[in-house]
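Model the placement of chain B on the given structure of chain A, informed by the hints.
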Amino acid sequence: MISKKKRTPQLAVIGGGPAGLGAALAASKAGIDDIVMIERDIELGGILPQCIHDGFGSKVFKEVLTGPQYAQRYIDEIARTNVEVLLNTMVLELASNRTITAVNSAEGMITIEPKAVVLAMGCRERSRHQVFIPGYRPAGVITAGAAQRDINIEGLMPGRKIVILGSGDIGLIMARRFTLEGAQVEGVYEIMDHPGGLPRNIVQCCYDYDIPLLLSHTVTFIHGKKRVEGVTVAHVDADLKAVKDTECFIDCDTLVLSVGLIPENEISKHAGVTLDPVTAGPIVDERMETTVDGIFACGNVVNVFDLVDYVTRTSEVAGRGAAEYVLAGRKREAPVRVLPGRNVKYVVPQFVSDLGRDIDFYFRVEHPERAVTARVLAGTSPVKSKKHKMVHPPEMLTATATAADIAEAAKAEGRQVDSLLVEVVDSGK
Amino acid sequence: MANKHQYTCINCPMSCALELTEENGEVKSVTGAQCKVGERYAAEEFADPRRVVTTTVPVRHGLLPLLPVRTTTSIPRRLILDATRRLAEVVVDAPVSNGQVIVPDIMGTGVDVIASRDLDKDAGRQSQARV
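Read top to bottom, the protein sequences are chains A and B. Counted the way our numbering counts, the first sequence spans residues 1 to 429. Counted the way our numbering counts, the second sequence spans residues 430 to 560.
None of these hints come from the bench; they were simulated from the model. For every residue, glycine included, the Cβ atom is placed at its ideal position computed from N, Cα and C. Treat the hints with care, as some may be off.
Dumping the calculated SDA-like pairs for lysine to any residue here, alpha-carbon to alpha-carbon at most 20 angstroms [to be verified]:
(1) B:Lys-465 x A:Lys-161
(2) A:Lys-59 x B:Thr-501
(3) A:Lys-161 x A:Arg-149
Partial chain A-side listing against chain B, Cβ under 7 angstroms, derived [claimed, not checked]:
(4) Gly-31
(5) Ile-191
(6) Gly-230
(7) Ser-419
Excised from the complex, chain A in its bound form (with noise of 0.2 angstroms):
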């Protein structure tokens, strides 16, 4: 089919959720005024509608909202705005020059040549064969966030009898949903010996409703071969191999899998964009600009988030970027690498474009830590840094440095900033 006519807004939005929103409205607000957004779904959101717990909102809003209430903020702010939503409208490629090719039933393929670019496409979950989980292939094996959709969308109970691997939020807000629902939940299997979920989500999931969850445990075996009829779970050493006798059979019909998130980069990755290995998602600066010129990149195809706040947050900073990519056009000046000290498993952003202006750094630890302090070095000078009580890998720590933190930290160094350390270190030290 031949495309009816060519886009050429200024900024292209891929995606409509969370993040696709926060981009398309800030970019908005920042004095752009034509902007496609392309979603794929029949209606805005991404995940968040079908995220019908609350807890969302709490660093935005100040609020504790639903997943669908804070998507419908946007939606309605959106709605106010001349940004053109194309739904049921699937993107096939992005090429390096910006040119995107989609695809819909009601235009066939679309031709979209925008001056800028914002990735948003969020993430996807891990499956079964990541895993590697042995056994036969029955029905009955499914993912959270699609148990998620089917109980909450879609109105589908996918079974009454649930083994749950893995402790990832969506995996404990899964076991309450199916709970509450009436199904059986015989427990929460983590192969780590810490939770992967956040400790909120353990206390209103798990204990209010006495579903075990056994800590560094795993699945070893599915059986049943139509229909998933238990799995074999068992005790796994410090190097996470299962100790064969320590397993036992648990009767159940459906195992839920929440066994983390990827971020999803299929369409970034041809457009050139490079990703960190670490992370799974494109390296970016400080305006969410990916090695691209123009391709920004924000929310959970960064890096998987833990809060939505955070998604948002990053998508203004792209938003904004991207309009002022557009509107005032720049050269980079030569970047400075943010690098991951002790503890940390990584930074974003990985390099910083432009040391003259405020800078969000998010980043994990790589294992759980009392009294500790995150901070951000400019060579061994001190820019921004923060005492925890308690750190965990789940949990996203955030450190802002404003252009006067790194300005001071550079002079006390005596010399120009070439790179910057974020460590977490004993807070005695």
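Below, chain B alone, put in the same frame as chain A:
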């Protein structure tokens, strides 16, 4: 005699580790909270835990078959299962607007159950999507 109780605050993702000290049922102090909400939460958790309840109710003629709903604020935890059983009997008609009261005064708590989003009528809008 003073007793100490440990709680994890559930009001925001900070998940503050709280410690409440009480003597003969009277709350003496709460430590570990980074804000007032946490102090209140610990006292409540000791006296009578409360939770926000979220679930779905079926919708007739809706763009989607289900409407997400929530209690406007928390209700006693001991009433959660009764509240969800009560909500299992409810069916609503589209269109629904965000914040619309679905069940007033759920289980006599004085707390309303409201719609958590707008939900339009099914005007054939999704016929494109499911091709």
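Structure-based check of each hint:
| no. | hint | verdict |
| --- | --- | --- |
| 1 | B:Lys-465 x A:Lys-161 | violated (40 angstroms) |
| 2 | A:Lys-59 x B:Thr-501 | holds (19 angstroms) |
| 3 | A:Lys-161 x A:Arg-149 | holds (18 angstroms) |
| 4 | Gly-31 | violated (29 angstroms) |
| 5 | Ile-191 | violated (22 angstroms) |
| 6 | Gly-230 | violated (27 angstroms) |
| 7 | Ser-419 | violated (30 angstroms) |
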